[in-house]
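Trainee: Single-letter residue listing:
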Amino acid sequence: MSVLKNTSPKLIVFSAAVIILLIVAALAPLIVPHDPYAQDLSQALLNPNSAHLLGTDRFGRDIFARVLMGAQTSIYSTLVLVFFTSVIGIFVGVAAAWFGGIIDSLLMRTSDVFLAFPALIFAIAVAAVLGGGIQNAILALVAISWPKYARIARSLSLEQKGELYISAAKVGGASDFQIIFIEILPNIIGPLLVTSVLDIGTMMMELAALSFLGLGAQPPIAEWGSMMSDNRNLLQIAPWTVFGPGLAIFICIAIFNLFGDSLRDRIDPKRRKK
Amino acid sequence: MSRITQIRNGLGILAVLLACLVSCALLLSTGCAQQEGQSSQNSFVYGTTGYGVDMSDAGLNPHKDYSGWSCVRYGVGETLFKFNEQMQPEPWLATEFKYLDDKTCQITLRDGVKFSSGRALDAQAVKDCLEQLIAIHDRAPHDLNIESIDADKNILTIHTKEPNPSLINYLCDPYGAIVDVSAYDKADDQVAGTGPYIAKSVSDTEISLEPNPDYWGEKAKVGNVIVSSFTDGDALTAALQTGEIQGTYGLPYASYALFNDTNKYATNSTNTSRVFFGQVNCNSEIIKDDAVRTALALGIDKEGFVNTLLNGHGAVATGPFPENFDFGKNKVKAESYDPEKAKKILEDAGWVDSDGDGIRDKDGKKLVIRWLTYPGRMELPLLAESAQYSLKQIGIEVEVNSTSNHSEIRKDKGAWDVYVSAIVAAPTGDPQYFFTTSCLKDSAKNFGDYSNPELEKLAKQLSTEFDPQKRSELAIKMQQIILDDHAYFFASHLNMGIVTDSHVSGLNPHPSDYYEISSDLTVKE
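Chains as they are written, first to last, in my numbering: chain A, 22 to 295; chain B, 11 to 535.
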């Protein structure tokens with residue numbers, strides 16, 4: 022109860038919304054009203070109706086079922102993507118800050134090289150080389166997105182490096198590994214967590230963009246970006262085929278962004294004072 | 011006071027002058043607008059997805075890749091013979107031909123024809139052009155099989171190395187467009203042809219045409235034609251809707267419904283011999299099983315594909331040739347969609363679903379088909395996704411690989427089981443082309459290494475048979491062999507549509523897909 026008392030209502034509401042999204046995505050195969058992959062050409066391009074809440078696509082597949090199923094692909098793929106991006110970035114950043122010298126220069130110049138490329142263009146190039154598929158799209162985005170976390174983690178770690186408690190740990194005989202994992206990481210994880218959560222929306226958009234370009238999820242996998250791409254030439258004739266997944270992307274990104282903002286308000290000490 | 015009056019008068023004069031200036035400017039601008047309007051009435055912008063580097067037909071030089079298609083399609087070049095609606099050759103730049111013997115064909119050329127360079131068309135000019143064609147083109151030397159050419163005024167005599175019954179048909183191929191080879195401008199991809207239009211400028215994305223004042227036939231009626239390349243069907247749709255272009259080739263099937271208003275738009279379409287078909291990889295262990303090949307043929311819902319996914323803009327195929335050919339569609343028999351029969355055939359062959367996952371297996375091996383195709387033709391991914399589902403219903407898992415890198419992957423015989431592509435089955439109106447390019451042991455496009463001794467024997471007969479009736483009979487037998495072997499399955503034939511502004515007429519698609527802009531093109535006020 023005391024935790025809830027100190028927590029802003031916004032954070033509670035958006036946390037609940039995120040949890041609902043995750044549950045819906047996890048249970049999608051069980052709650053879909055129709056088989057999202059079942060084709061019935063006689064039911065192609067039906068308007069939204071009571072049997073098909075968001076209508077059907079050109080193969081006669083229920084769009085609502087595909088949007089629900091797509092939630093699993095889109096949301097969990099994004100979470101995996103953000104997880105790997107942030108973990109790799111954080112370790113690179115902390116290692117660069119802690120070891121300094123040539124390791125720092127090497128890691129930071131490498132990250133500079135990656136930062137020099139326009140993110141999505143580089144991801145498209147990587148995905149094109151690796152070939153289509155959601156795993157390859159995730160790999161492509163991880164490859165281009167980690168330097169941001171490395172930069173933040175490095176600057177936060179450098180601040181901590183000069184603190185007395187680190188000197189105390191050193192004097193106490195702690196190893197580099199212990200200092201990084203036991204002393205530094207717990208003290209910098211808050212801002213990095215907020216960055217990660219705020220990044221979910223962007224990553225989801227980028228993943229959807231790669232799928233939209235045909236470099237992410239491949240047919241018939243239900244994924245919001247590829248659903249929009251598959252149906253884009255039906256936009257004027259059967260707009261519901263694009264609006265369904267488009268709306269899902271919008272709602273999902275909005276919820277994660279608002280959750281990220283609330284979490285930042287809660288964690289960031291400067292904002293908390295305000 | 012007088013000073014004020016003077017100033018007032020001065021201001022008044024200035025105001026009158028300004029008013030005059032403004033009026034003149036308005037009148038001038040209106041005049042300009044009218045002039046522009048008049049010239050735009052006599053101009054035509056044609057948007058197409060069929061022109062450009064991706065299609066290997068950029069430029070107008072018929073001796074380069076598929077650029078001959080652009081040369082003929084856009085009214086710059088003409089061939090000695092052209093196809094009629096039944097895909098039979100008719101005179102064009104030539105007036106008649108006769109075979110002096112099996113290897114000698116004499117062609118009489120039309121009088122009074124001039125290249126846009128000013129040179130008169132005679133047998134020597136045609137000889138120069140055809141000799142350059144067979145010297146540098148990739149397909150023509152093999153097709154035409156020319157040994158030598160004699161030129162005497164308007165009589166052209168072609169000697170072939172072997173009897174070539176399809177010679178006249180091959181001369182209809184756009185690579186056979188007759189151009190003045192002495193006037194070819196390499197820097198601009200320009201050619202001097204004999205067509206109703208002359209290219210003012212040519213780039214990889216746009217061709218600007220103007221009428222040929224010395225054209226031998228009916229003169230072109232449109233002052234300026236611009237052929238504009240589009241790589242995206244949706245952009246093409248939007249361009250026609252906004253009036254940026256007045257005619258289109260290659261609209262996405264879904265977009266046709268947007269142009270149903272006959273007061274605003276006109277749609278013309280025709281069936282072509284471009285066929286969407288699959289060939290199996292005879293090196294694959296799974297494919298070697300005839301039951302699997304038969305089930306594949308039985309498990310593809312062609313009707314659904316054509317009627318729903320192509321919105322009826324196509325024709326269900328049986329064999330490689332559509333029904334407007336003497337040896338086409340109804341003359342051969344192939345399996346139609348019958349999932350129950352497919353299930354039984356697989357069951358009888360020992361393919362059962364032993365672990366209940368919906369996919370059949372035999373001797374511990376899952377029935378998985380690797381389906382290689384490419385997205386360049388929008389119909390192919392749709393066919394793949396449709397077949398993926400319908401074949402899953404009979405217990406066959408289909409792994410689709412739709413990639414623009416297909417031409418590299420298909421070289422690796424261990425990387426695919428079925429290759430699905432599109433080809434113009436009878437570009438010369440003759441059946442021989444399809445078999446020699448796709449079905450024989452040494453065919454360049456027989457990617458799955460299919461071979462049948464009986465087919466090879468009949469192909470030899472076909473290559474030396476001059477009688478059209480007997481050629482048709484041979485073609486029917488040959489089609490039936492490949493269908494009975496279940497080595498190929500044919501899904502649909504392309505229905506080619508041209509949608510124009512209702513003010514445009516005379517722009518009609520042709521079954522050969524070769525002829526688009528001609529002197530018939532008219533833009534009404």
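It is possible that some hints are incorrect.
What the hints assert, rightly or not - Covered stretches of chain B, as calculated for chain A (at least 3 residues, CB under 8 Å):
#1 243 to 253
#2 311 to 318
Said to hold, decoys possible - One-sided and incomplete, this derived list gives chain A residues near chain B with beta-carbon spacing under 7 Å:
#3 137
#4 139
#5 241
What the hints assert, rightly or not - No farther apart than 20 Å at their CA atoms in a straight line, the calculated lysine to aspartate or glutamate pairs in the EDC-like style are these:
#6 B:402 x A:125
#7 B:402 x A:56
#8 B:74 x B:199
Just so you know, these hints were derived from the structure itself, not from any lab.
We put the CB at the ideal spot given by N, CA and C, even for glycine.
Trainee: A separate judgement is required for each hint: does it hold in the structure or not?
Mentor: Results for each hint:
Three residues within the 8 Å Cβ limit are the bar, and the segment 243 to 253 of chain B against chain A gives 3, so the coverage statement holds. Three residues within the 8 Å Cβ limit are the bar, and the segment 311 to 318 of chain B against chain A gives 4, so the coverage statement holds. Checking residue 137 of chain A against chain B: minimum C-beta separation of about 28 Å lies over 7 Å; hint violated. Annotation: interface hint on residue 139 of chain A violated; nearest CB of chain B at approximately 21 Å, more than 7 Å.
Hint status for residue 241 of chain A: holds, given a least beta-carbon distance of 6 Å to chain B, under 7 Å. Only pairs whose Cα atoms come within 20 Å are accepted, and residue 402 of chain B paired with residue 125 of chain A is rejected, the gap being roughly 54 Å. Taking the CA atoms of residue 402 of chain B and residue 56 of chain A, the gap is near 14 Å; set against the 20 Å cutoff, the hint holds. Proposed proximity of residue 74 of chain B and residue 199 of chain B is supported: the alpha carbons are some 10 Å apart, at most 20 Å.
Of the numbered hints stated above, those contradicted by the structure are hints 3, 4, 6, listed in ascending order.
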